[in-house]
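Trainee: Listed below, chain by chain, are the residues.
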Amino acid sequence: MQPAQSPPMPSGPAPSVITAQKLTKRYGALEVLRGVDLEAHEGEVISILGASGSGKSTFLRCLNLLEVPTSGDLTVLGERVRFRPKGDGLRIADHGQVNRLRSQVGMVFQNFCLWSHRTVLQNVMEAPIHVQGRNRHEVRDEAEAALARVGMADRAGYYPSQLSGGQQQRVAIARAIVMQPRVLLFDEPTSALDPELVGEVLKVMHDLAAEGRTMLIVTHEMAFARDVSSRIVFLEQGRVRAQGTPQALFRGGMDERFDQFVSHFMRQG
Amino acid sequence: MKASSLALVGFGVDGWGRLLLMAAGLTLAAALCSFAIGAMLGTAGAVLKLSSVATLRWIGTFYTTVFRGIPEILVVYLFYFGGSLALTHLMHLAGFPGFFSLPSFVIGVLAIGLVSGAYQTETYRSAYLRLERGQVEAGLACGMGRVVLLWRIIAPQTLRFALPALGNIWQSVLKETALLSIIGLVELLRQSTIAAGATRQPLLFYGTAACVYLVMGQVTGIGIRSVERHLSRYRGR
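Protein chains in written order, with my numbering: chain A, 1 to 269; chain B, 1001 to 1237.
Warning: the hint list may mix true and false statements.
Over 12 Å on every C-beta distance to chain A, these chain B residues come out as not near it, computed from the model [said to hold, decoys possible]:
1) Gly1025
2) Lys1049
3) Phe1081
4) Leu1087
5) Phe1099
6) Phe1100
7) Val1106
8) Gly1167
9) Arg1190
10) Thr1199
11) Leu1204
12) Val1215
13) Thr1220
14) Gly1223
Reference excerpt, derived from the structure (chain B facing chain A, CB under 8 Å, subset only) [unchecked claim]:
15) Gly1134
16) Gln1135
17) Glu1137
18) Leu1140
19) Ala1141
20) Cys1142
21) Gly1143
22) Met1144
23) Gly1145
24) Ile1153
25) Pro1156
26) Tyr1234
If you are wondering where the hints come from, they were derived from the structure by calculation, not from laboratory data. Predicted model, so just to flag it, every value in this text is computed and none were measured. For glycine and all other residues, C-beta sits at the position ideal for the given N, C-alpha and C.
Chain A on its own, in the form it takes in the complex:
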């Protein structure tokens, strides 16, 4: 695969899309995130790597508030997410704000999570109609275009149970991009797939990256992360252990733990 092209950048840094500051997450005695800072700028493709239990999925899920952090600050699309204290943690203070932000942040899950009682086309049309309140006819055209974009236009009338995992994941990507999100979150999008189906999903993600979309990807696909990302963030035990361009990190010698992690994966893969 060719490296994704960055969009033409205006002079100066691109605006920040998501800023997380000192994010922590604790489940009882278990500290999953121990203070993670990350600033994602428009047009960046950030791969978040780390061993299981490093907190990478939890961190991603904090960014659209599927998990509420225990402490820390989160700014999404220029809006600081409002929390209120609850016990020794936080609660969402303004669900209206969170729902509004979520509708502009696309999410692709490990297990696809297509709504099993709706067809492919209905899955893609659901949120534009029932969240954005848009007109069914104009949404239909856009949903069909989104499906065509991921190569699933010919399966519009199928139910998720009738599709392969790779096909379901591509529909899930169409469901996310039809909302025209400002940023896309991918939570291990290929981990639940049979090996021969991984490629078709990575291909779609590669194309999205090449369009200049802002993406945050939790993944174990080392080669994909190396080829497509503009930045790698390596988490270990709930902290950012190392980050940098893929060139800098994958060359080796920048961080010993990262090198061990990569060589472990390369041996397995």
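Put chain B on the given structure of chain A with help from the hints.
Mentor: Just chain B, lined up with the frame of chain A:
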């Protein structure tokens, strides 16, 4: 004898057919109302039992324990006599002497609806627990609010899981409306008893009533199963 039997359950001048049919209609109406009340109470009960607030869970558990634990006929009696006594007392306070009773249809439907609601609570609760978390999270991630999420995702999926058990509950509600005969509602069983007494043909009329219950149960059962098939169409198994 044969000819006169047919005439007795028929729709002629001597026939009880028209009255029996009306009584069957009342049975069906009572069952539908009871089931609908049960569906509302069952939904509320499931929400209580699934709540994160301990007091609410406790209220839900109290409701299902009590109304699944005491005989239905007792619930009907309690409601009928208790309700009438309370009403009479209130009317006395308001200056109206005499005995007042509540309409037996309303009382009976409330009583059976309450019991059915206790069973439906368990059905909805376990159906909700079968819902995959990802289905809800996918809705949240698109920015769905609680109402949209409930109506577009949670309700249709929960209903699909609940439907087989709801079919059973419906069948038993249909039969339990016979209890309303004891508080004076002339539904199918009561009408059959009247006809059996008047004609001294108990076997004929109770047998007819039994057949009518069976037919009503089977026909509605076919309806429920077709809805079930429709909702399962996407399952591929």
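Trainee: Now tell me, hint by hint, if it's right for this structure.
Mentor: Now the hints, each set against the structure:
1. Gly1025: 35 Å, holds
2. Lys1049: 23 Å, holds
3. Phe1081: 46 Å, holds
4. Leu1087: Nearest chain A Cβ is 44 Å from Leu1087(B), so the label holds.
5. Phe1099: It holds; Phe1099(B) is separated from chain A by about 53 Å at its closest Cβ, greater than 12 Å.
6. Phe1100: For Phe1100(B), whose nearest Cβ neighbour in chain A is about 48 Å away, the distance exceeds 12 Å, so it holds.
7. Val1106: 37 Å, holds
8. Gly1167: 19 Å, holds
9. Arg1190: 43 Å, holds
10. Thr1199: Correct as stated: the minimum Cβ-Cβ distance to chain A is 53 Å, above 12 Å.
11. Leu1204: Fine: 49 Å to the nearest Cβ keeps Leu1204(B) off the interface.
12. Val1215: 32 Å, holds
13. Thr1220: Given a closest Cβ separation of 24 Å, the condition holds.
14. Gly1223: 20 Å, holds
15. Gly1134: With a minimum Cβ separation of about 4 Å from chain A (threshold 8 Å), the hint on Gly1134(B) holds.
16. Gln1135: Holds - the Cβ of Gln1135(B) comes within 8 Å of chain A, reaching about 6 Å at its closest.
17. Glu1137: Nearest chain A Cβ about 6 Å off; hint holds.
18. Leu1140: The hint holds - Leu1140(B) has a Cβ within 8 Å of chain A, the shortest such distance being about 6 Å.
19. Ala1141: 4 Å, holds
20. Cys1142: Given a least distance of 4 Å, the restraint on Cys1142(B) holds.
21. Gly1143: Where the cut-off is 8 Å and the nearest Cβ of chain A is about 3 Å from Gly1143(B), the hint holds.
22. Met1144: Cβ of Met1144(B) sits 6 Å from chain A, so the hint holds.
23. Gly1145: Gly1145(B) check passes; min Cβ-Cβ to chain A is 5 Å, inside 8 Å.
24. Ile1153: 6 Å, holds
25. Pro1156: 5 Å, holds
26. Tyr1234: 4 Å, holds
Against the hints set out earlier in the document, no violation occurs for any number.
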